[in-house]
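Visitor: What follows is each chain in one-letter form.
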Amino acid sequence: MTSILTNLFDGVAYGMLLFVLACGLAVTLGLMNFVNLAHGAFAMAGGYVCMLLVNQHGWPFFAALPLAFVSSAVIGIVLERALYRHLYTRSHLDQVLFTIGLTFMSVAAVDYMQGSSRVFINLPAALEGQFDVFGVGIGRYRLMIIVICGLLTIGLQMVLAKTRFGSRLRAAVDDPRAASGLGINVPQVFAFTFAFGCGLAGLGGALSAEILGLDPYFPLKFMIYFLIVVTVGGSSSITGPFLASLLLGIGDVAGKYYVPKMGPFVIYTMMIVILIWRPNGLFGRTAAR
Amino acid sequence: MFEHKTFSRAAAIAAVAGLAGLAPVKAEDTVKVGLILPMTGGQASTGKQIENAIKLYMQQNGDTVAGKKIEIIVKDDAAIPDKTKTAAQELIVNDKVSFIGGFGVTPAALAAAPLATQAKIPEVVMAAGTSIITERSPYIVRTSFTLAQSSTIIGDWAVQNGIKKVATLTSDYAPGNDALNFFKEHFTAGGGEVVEEVKTPLANPDFAPFLQRMKDAKPDAIFVFVPAGQGGNFMKQYAERGLDKAGIKVIGPGDVTDDDLLNNMGDAVLGTVTAHIYSAAHPSQMNKDFVAAYKKAFGNRPGFMAVSGYDGIHLIYEALKKTNGDTDGTKLVEAMKGQKWESPRGPISIDPETRDIIQNVYIRRVARSKSDGELYNVEFQVFEAVKDLGKTKK
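Chains as they are written, first to last, in my numbering: chain Z, 1 to 289; chain E, 1001 to 1394.
The following block holds chain Z by itself, in its conformation from the complex (with noise of 0.2 angstroms):
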């Protein structure tokens, strides 16, 4: 029994991380309908600068995460006025190209300057090891996790629904001409949102190196699961994303625990049922639109 919590938990944790480093992701390809297979690059970025941060130059752990957030924002909105703004309109194809020739950039880049091994960043020693509630284990770095982006996914939701930005952005996306035409500036609107899906990016990228490990090839070897995400959940909402990532993310730990088999094809089988059912994903835009 106590052990299905602690699966839980730990799937939840999973979850949570899979949906900060892809919701970013979510934003430019359902939002702004633009393709970017180099969305990985930024969380990367962060992850780096984090790690530099605090390995190098001493800097406490948690002053540095907002740090790799705006770090890999500033990053995002330089790439998004010099060279993503041209390619709004231009095919998917021409999208995908241009983005996957930037992830090779920022691998070979990354591991020219800081050489090709996983690095880790140095923890205080409080978010190390596990306590135990009712016997069950909860590790106080998933624990973190858990908070954080918890209070993220909160904050993306209510600024999304409840502010002025929120309705702009939704009315960019939905008609860029009607909205421009109503004095809204959907460039500005754009690139804000781009660079802030990069900076939750970058975020991601300094959480996930203790979980997943941070080396240069970050950005193609998650793609996969970014782009997991955004099909499954469907990419209308965030609130797709972050379901899909909960369901992935559990899945996926308890699929490895109770059949370590199977363990690496459940998150695969997952999307391909849930995309049987559902083409446009959990929560996609009906054919309609």
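Check the hints yourself; a few may be wrong.
As the list claims (entries may be wrong) - Quick list of in silico lysine-lysine cross-link-like pairs, DSSO-like style, CA-CA up to 27 angstroms:
1. Z:K261 <-> E:K1218
2. Z:K261 <-> E:K1165
3. E:K1199 <-> Z:K221
Derived by calculation from the structure, the hints in this document are not laboratory data.
Using the hints provided, position chain E relative to the given structure of chain Z.
Guide: For chain E alone, coordinates are given in the frame of chain Z:
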């Protein structure tokens, strides 16, 4: 005029000297060695270590042997077998190399095997560790190790040291399966019991569920084989989940605690017992000198891949000495068979029958060094002159 004359004479001398310096060494005086290594990609640290070690060896021993100048050509295959094959073809056909060497992973070594056979060129395997490799071509000689060597020994050691129940966690690919099978065979033959067997996918993002399963199985120890690089993540999550406090030890072939990465793994790794062929803390004078020279030249600690490269180039030098500079591939392989020498890892030799390496396997425990505060594998027991048990079984 006088002045002019001296000037022109000086110029002439300088010109002649310059020409002599620039004049290409005649082709037959050069022996080319083609190295195919993963210099990029996930295995890049293997490639870099081997390349570094070879550079170091040539700095220490000169680049001429038996009157021939040794020229090294490095090709990057990123550990992708198709690229290995292309690189081997280019090296053999265009560059006319006399040796091919390196090979970061088993599939790469296998991809080059038919070419070595066809071209009758020695293939010196300096990294890949699956047993079958040397059987794929009569021209393959290995200076690294086989997983059978370390895995059988740790199996024997575990039984002898009161470890009765073991759960295994191995990566699901050829070397992982080799490690698992050889370990299991020796461990169960000695009366041990494998209570849980988990194979993790090669691209494994998270060990948590597997480790939870290990913890619930309550074994005396976990036998682990994961590719270099994942070892750190594994050890951290092992400690996070409190398996160390639950009294579950980690044992395995030494790849998990490779010197290359060991020092970054943190205290979780302390006490891990592994069987392997090399530790940077090996107490011989030769190794101390080797480690010091390597650190001085490249700024980090050599791992077992570096030593395999160092021995690989040594074997090439010795073979050329024995043939007196003759580059006939068959003669070179013959010359390599039965070679015996003192390596930084200890005494080693090439088995004349299998062309595989015979070497000591050491049981080591991870401890923090008192002198520099870094983590090392400290050897405390030796199994001498271990052959590749993967082949002797058959």
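Visitor: Check whether the Cα positions of Z:K261 and E:K1165 lie no farther apart than 27 angstroms.
Guide: Cα-Cα ~20 angstroms, so holds.
Visitor: Just to be careful, I want the Cα atoms of E:K1199 and Z:K221 compared with a cutoff of 27 angstroms; is the pair within it?
Guide: 19 angstroms, holds
Visitor: Has the given pair, Z:K261 with E:K1218, been kept, meaning a C-alpha gap of at most 27 angstroms?
Guide: 19 angstroms, holds
Consistency note: the structure conflicts with none of the earlier hints.
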